[in-house]
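Protein chains in written order, with my numbering: chain A, 1 to 147; chain B, 1 to 512; chain C, 1 to 445.
None of these hints come from the bench; they were simulated from the model. Just so you know, these numbers come straight off a predicted model, no measurement behind them. Just so you know, even glycine gets a beta-carbon here, dropped at the ideal spot from N, CA and C. What you were told as hints is all true, and nothing was included just to trick you.
Facing chain A, a subset of chain C residues (Cβ under 7 Å, in silico):
#1 P15
#2 L19
#3 I26
#4 G314
#5 V347
#6 A351
#7 D372
#8 F374
Restraint ranges, calculated between C-beta atoms of paired labels, are given here:
#9 V37(C) x L15(A): 16 to 24 Å
#10 D4(A) x E31(B): 25 to 33 Å
#11 I5(A) x T321(C): 20 to 28 Å
#12 V37(C) x Q129(B): 39 to 47 Å
#13 W26(B) x D4(A): 28 to 36 Å
#14 D105(B) x T32(C): 31 to 39 Å
Simulated coverage check for chain C against chain A, where a stretch passes if three residues somewhere in it have a Cβ under 8 Å from a Cβ of chain A:
#15 4-13
#16 66-76
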Amino acid sequence: MTGDILRILLLVLQLGFVALLYLVLMRFAGSLLKDLRNAEEVQIASRSGIGRLSVLESPADEPPAGTTIALGPINSIGRNVNNTIYVEDDFVSTNHAMLTFRGRSWFVEDQGSTNGTYVNGHRIDRPVALSFGDELTIGRVRMRLDR
Amino acid sequence: MIATNVRRLGLYLMFAFAVVSASIAWWQVVEAPQLATRADNPEVLAARRSLLRGTIFDATGQVLASSVVADGLSRRTYTDAAFTHVIGYASLRFGSTGLERAYEDVLVGQTDPNPIRDLVNDVLDRQPQPRDLTLTIDKRLQDFAAAQLGGDAGAVVAIDPRTGAVLAMVSTPTFDATPISGDPDVAQEPMDALRNSEAEPLLPRARQGLYVPGSILKVLTAAAALDAGAITPETTFEDQPREEVEGFVVDGFTVREHDLGGIQPGLWPLSEALQVSSNIYFAHVGLELGAERFVSQAERFGFCEPMAIGPAGRSLAVSASYVTAPFDGECGPFSGDVELATAAFGQGSTQVTPVQMALVAAAIAGDGVMPRPYVVRDVRAHAEGGTPSESVLETFGSGGGTRVISTEAARATRAAMVDAVNGGLGRVFAGQADITLYGIGNERAAGKTGTAELGGEQAPHSWFIGFAPAQEEGTPAIAVAVLVERGGSGSGRAAPIGGQVMAEWLRLSGGQ
Amino acid sequence: MRIAWRGAELRLLLPILVLVPFGFAITNIALTGTLEVGPLHLAIGYAVMLLGAHLVLVAFGNRGDQLILPAVGAMGGIGLIMLNRLPQDLAGTSALGIELGMAGTQLLWFGVGVISMLVIAVGLRDDGILRHYKYTWAAVGILLLAATFIFGYEVNGARLWIDLGAVSVQPGEILKIVLVVFIAAYLAETRTLLTSARVRIGFLSVPPLPYFLPMLALFAVVMLIVVRLNDLGTALLFFGTFLTMLFVATGRRSYVLIGLILFVVGFFVAHRLFGHVQLRVDVWLDPFADPLGAGFQPVRALYALGRGGLFGEGLGQGLVTLGGNLTIPYVHTDFIFTAIAEELGLVGAFALLGFAAVFVFRGLRVAALARDDFSGLLAVGLTASLALQALIIIGGNTKLIPLTGITLPFVSYGGSSILASFIMVGLLLSISHRSIVGTDAEPDA
Chain A
1 MTGDILRILL LVLQLGFVAL LYLVLMRFAG SLLKDLRNAE EVQIASRSGI GRLSVLESPA
61 DEPPAGTTIA LGPINSIGRN VNNTIYVEDD FVSTNHAMLT FRGRSWFVED QGSTNGTYVN
121 GHRIDRPVAL SFGDELTIGR VRMRLDR
Chain B
1 MIATNVRRLG LYLMFAFAVV SASIAWWQVV EAPQLATRAD NPEVLAARRS LLRGTIFDAT
61 GQVLASSVVA DGLSRRTYTD AAFTHVIGYA SLRFGSTGLE RAYEDVLVGQ TDPNPIRDLV
121 NDVLDRQPQP RDLTLTIDKR LQDFAAAQLG GDAGAVVAID PRTGAVLAMV STPTFDATPI
181 SGDPDVAQEP MDALRNSEAE PLLPRARQGL YVPGSILKVL TAAAALDAGA ITPETTFEDQ
241 PREEVEGFVV DGFTVREHDL GGIQPGLWPL SEALQVSSNI YFAHVGLELG AERFVSQAER
301 FGFCEPMAIG PAGRSLAVSA SYVTAPFDGE CGPFSGDVEL ATAAFGQGST QVTPVQMALV
361 AAAIAGDGVM PRPYVVRDVR AHAEGGTPSE SVLETFGSGG GTRVISTEAA RATRAAMVDA
421 VNGGLGRVFA GQADITLYGI GNERAAGKTG TAELGGEQAP HSWFIGFAPA QEEGTPAIAV
481 AVLVERGGSG SGRAAPIGGQ VMAEWLRLSG GQ
Chain C
1 MRIAWRGAEL RLLLPILVLV PFGFAITNIA LTGTLEVGPL HLAIGYAVML LGAHLVLVAF
61 GNRGDQLILP AVGAMGGIGL IMLNRLPQDL AGTSALGIEL GMAGTQLLWF GVGVISMLVI
121 AVGLRDDGIL RHYKYTWAAV GILLLAATFI FGYEVNGARL WIDLGAVSVQ PGEILKIVLV
181 VFIAAYLAET RTLLTSARVR IGFLSVPPLP YFLPMLALFA VVMLIVVRLN DLGTALLFFG
241 TFLTMLFVAT GRRSYVLIGL ILFVVGFFVA HRLFGHVQLR VDVWLDPFAD PLGAGFQPVR
301 ALYALGRGGL FGEGLGQGLV TLGGNLTIPY VHTDFIFTAI AEELGLVGAF ALLGFAAVFV
361 FRGLRVAALA RDDFSGLLAV GLTASLALQA LIIIGGNTKL IPLTGITLPF VSYGGSSILA
421 SFIMVGLLLS ISHRSIVGTD AEPDA
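Starting from the given sequences, assemble the full structure and let the hints guide the process.
Shown next, in the form of structure tokens:
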């Protein structure tokens with residue numbers, strides 16, 4: 001008869017174990033849902049910005065290294081102060097490059113600069129699509145495209 | 001851009017998870033009941049491990065297989081390796097074969113599933129009642145036949161033509177099934193040795209070995225042609241004596257005679273042609289009979305589809321025998337007259353099992369009625385100790401036979417087969433099957449030898465089929481088929497075995 | 001560094017810490033018939049390990065995903081319960097004179113794995129080392145593969161192991177990570193330098209060469225794995241991971257389709273040419289044709305699933321051994337899922353799949369939120385490879401696809417597999433952390 005008691009005990013324990021498994025799963029589901037709701041809010045908040053440039057290196061300190069520049073859909077880069085992004089560096093041409101957001105992707109196009117525009121170390125000779133994380137080198141200034 | 005694609009990927013992966021979940025549910029819920037009842041399911045094996053299994057006796061009550069339960073483990077012992085290819089084995093590791101498989105539920109006592117009874121048994125902790133089997137085979141004849149084959153690979157099948165009871169069914173080489181069926185922990189090694197053996201001891205040659213028949217198939221050709229009216233026992237073929245020497249040209253292919261051993265060709269009728277085993281004569285008979293009638297007659301004898309020994313559901317499987325190249329599991333059409341002519345004397349694409357040829361002999365012996373073979377005589381209550389119980393629960397047996405040719409055709413074939421063993425010309429070839437040589441003075445045997453050429457340097461298969469007593473007033477009590485793989489000529493090896501097995505049985509059954 | 005509280009993670013971890021000793025207790029009661037709770041030291045060890053990992057992440061200010069570690073912990077816990085229930089002499093080590101059973105050894109590997117995970121999650125501040133040395137990684141991968149081809153020895157039909165004296169390792173597991181890193185770096189780079197050029201052959205849009213060449217190269221490697229190492233699982237896993245990453249990088253379903261067609265055709269050719277591939281397919285199509293020979297494993301696995309049914313036979317009450325022999329060979333590695341499904345039933349199997357799904361969902365979320373393309377693709381690759389691995393082995397267990405000898409991540413016994421899986425979690429946590437914080441904002445970066 002102890003065998004029967006043991007069997008019933010095991011059945012109860014087993015049910016408890018499975019119940020606990022699903023309890024944990026429910027908690028996971030709860031956390032997932034909460035994050036999803038938060039994510040929507042974050043998305044709404046971040047929709048205003050389509051990207052930013054992080055300045056990694058800037059010998060003349062304009063723009064200063066370590067800062068980030070919020071980007072609009074069309075940005076001109078150059079040594080002329082009328083550019084959207086003004087860069088103080090001897091190796092940068094007056095109107096050096098254009099950084100534009102078209103549809104879903106960022107593109108960069110060299111504007112006939114003397115020293116060229118580099119993406120991830122490669123000099124570009126036509127408009128090139130950029131991804132977040134790509135490095136843009138204008139003169140001696142290194143910048144990274146971030147979201 | 002990546003984020004959008006990741007979201008799509010997520011959907012695809014979730015779909016994959018759903019498919020996998022469905023497959024788990026399929027096996028765990030939908031298919032679970034079917035899986036639970038399969039014989040090699042460890043759950044079933046676990047239950048069987050400790051279950052007593054019934055004893056198997058030979059026709060005279062000798063123990064062939066028995067089980068004891070020790071330490072919660074049921075162990076089976078087989079007493080006679082000559083029976084292995086009939087009984088099979090019941091292994092806790094490899095499942096079961098042969099009669100052990102066909103009668104699995106009877107032997108362990110779990111016939112016709114009955115949920116209520118099972119529940120009651122469960123509650124009362126009652127073990128199922130094992131049952132015992134009695135075979136139609138006499139251990140003495142089985143051992144005798146096995147001894148005649150000796151170390152050669154081959155088979156002997158003996159059937160009572162009146163009832164279909166299998167009197168002996170030996171396949172060699174054989175093996176002791178006890179180590180495989182005993183302790184499952186040490187069963188792997190002997191099994192591996194058997195599986196890896198070049199001699200193929202696991203093959204039940206009598207039932208599942210397919211061999212070129214050679215001249216023994218002339219018995220089928222003769223019987224079929226007589227039945228169809230294509231020939232009479234007196235039929236002769238004008239060109240035959242000349243063709244014995246020059247060869248018989250069929251469709252540009254020359255059919256040649258085998259070595260007649262100095263016998264001068266003559267214008268032979270059926271009896272003489274069968275005595276000297278004339279290939280030319282039977283090539284003519286085959287062409288006379290025609291492809292269509294040849295195949296349909298062979299089919300009536302059971303060719304062209306798998307056969308079984310025993311009632312449906314409780315049978316030993318016998319491979320299909322063929323008179324033409326198999327096509328889609330059946331006898332295909334003959335490719336032409338050459339194949340038909342050569343098949344008529346047992347070459348071409350013909351291939352047969354020893355059981356099939358024993359049944360051909362039995363049909364001739366039975367005046368054209370082919371018996372339904374069976375090997376288990378009855379099921380009895382389980383008896384402790386070495387003697388079978390008196391309580392017979394179920395008997396199997398003569399389900400009657402099937403008429404395959406007319407009585408007249410069978411009688412004429414029989415007469416020619418008697419001459420083939422005892423006649424002046426026949427003695428040269430099949431005289432060693434004469435049972436008077438083995439101490440049965442007042443009876444005659446009928447038979448036919450076969451030497452199945454395999455081509456190349458290989459020695460031919462040695463064949464004999466026959467039956468006795470075969471004289472006109474006698475009632476045949478045993479029909480045999482003997483095959484010795486690469487045994488040389490039929491007259492040298494198989495014929496004496498056939499004669500001795502028939503004589504031994506007449507002695508044993510007469511003495512009872 | 002600042003402390004970052006990880007409340008959600010802690011709340012999810014706590015019940016898992018209870019789950020493991022609970023499972024041990026049920027197993028022990030069922031196996032011994034006495035009211036004993038089982039190996040407490042293993043349960044405590046597991047709890048200390050998970051809590052320790054949590055605290056280290058908090059202390060070093062990791063702000064990465066908080067659901068990944070608990071999901072991994074739950075899968076590992078269920079695995080540990082099952083490994084503790086199986087015969088302990090299936091595997092194991094003896095270290096410093098202490099005999100560690102299979103479960104003990106697995107816990108040891110969990111420890112090594114978690115430490116590796118923490119080192120990567122906390123220490124990898126910059127992905128430059130992964131990203132800029134991609135050809136070095138490719139070379140490492142090729143070396144690993146070559147080593148397997150030359151020195152590998154066979155276990156359960158597939159030649160995947162290398163003996164290093166004290167331990168045997170499966171280079172394939174590490175190769176998996178290297179491969180994902182390389183593909184992520186390669187695709188992230190090519191993606192930017194390509195305007196969306198299209199090459200059309202008929203109605204099919206064929207990938208441009210920079211995609212197509214590595215696809216072909218990888219396809220060649222994968223076919224070599226199938227034929228030489230007889231490892232369909234790893235081949236399918238590698239190629240599947242690559243195609244998944246290619247899809248995410250390009251958004252082209254047609255590329256995946258072409259890749260799949262390539263794989264099926266290649267596999268079909270291998271099937272026609274090589275006996276062992278043919279055998280695998282035949283066994284898959286009808287394992288019951290030879291239930292005691294070639295079909296032994298899959299048939300036994302299906303029986304075990306059938307025995308489990310909806311609610312399972314109960315922990316410790318399954319038919320794992322029969323007369324001293326395992327009813328399913330390799331139950332602790334290839335068939336751990338079947339063993340779990342047998343004892344916990346369909347409900348338990350679904351729960352395990354649920355944890356895996358949570359992990360995959362969160363892994364993809366990390367990818368979607370990643371700061372840059374490389375990180376995103378890396379996260380996709382890591383998640384997809386773990387997901388595919390689980391799907392392939394579970395699908396093999398249930399006869400959905402041909403059976404292949406790979407492990408169920410975090411659950412199966414095996415040091416290489418555990419270590420590799422935890423390294424991948426470490427990478428995910430690191431990516432996740434950086435997507436939220438960003439290296440530039442770190443004053444001490």
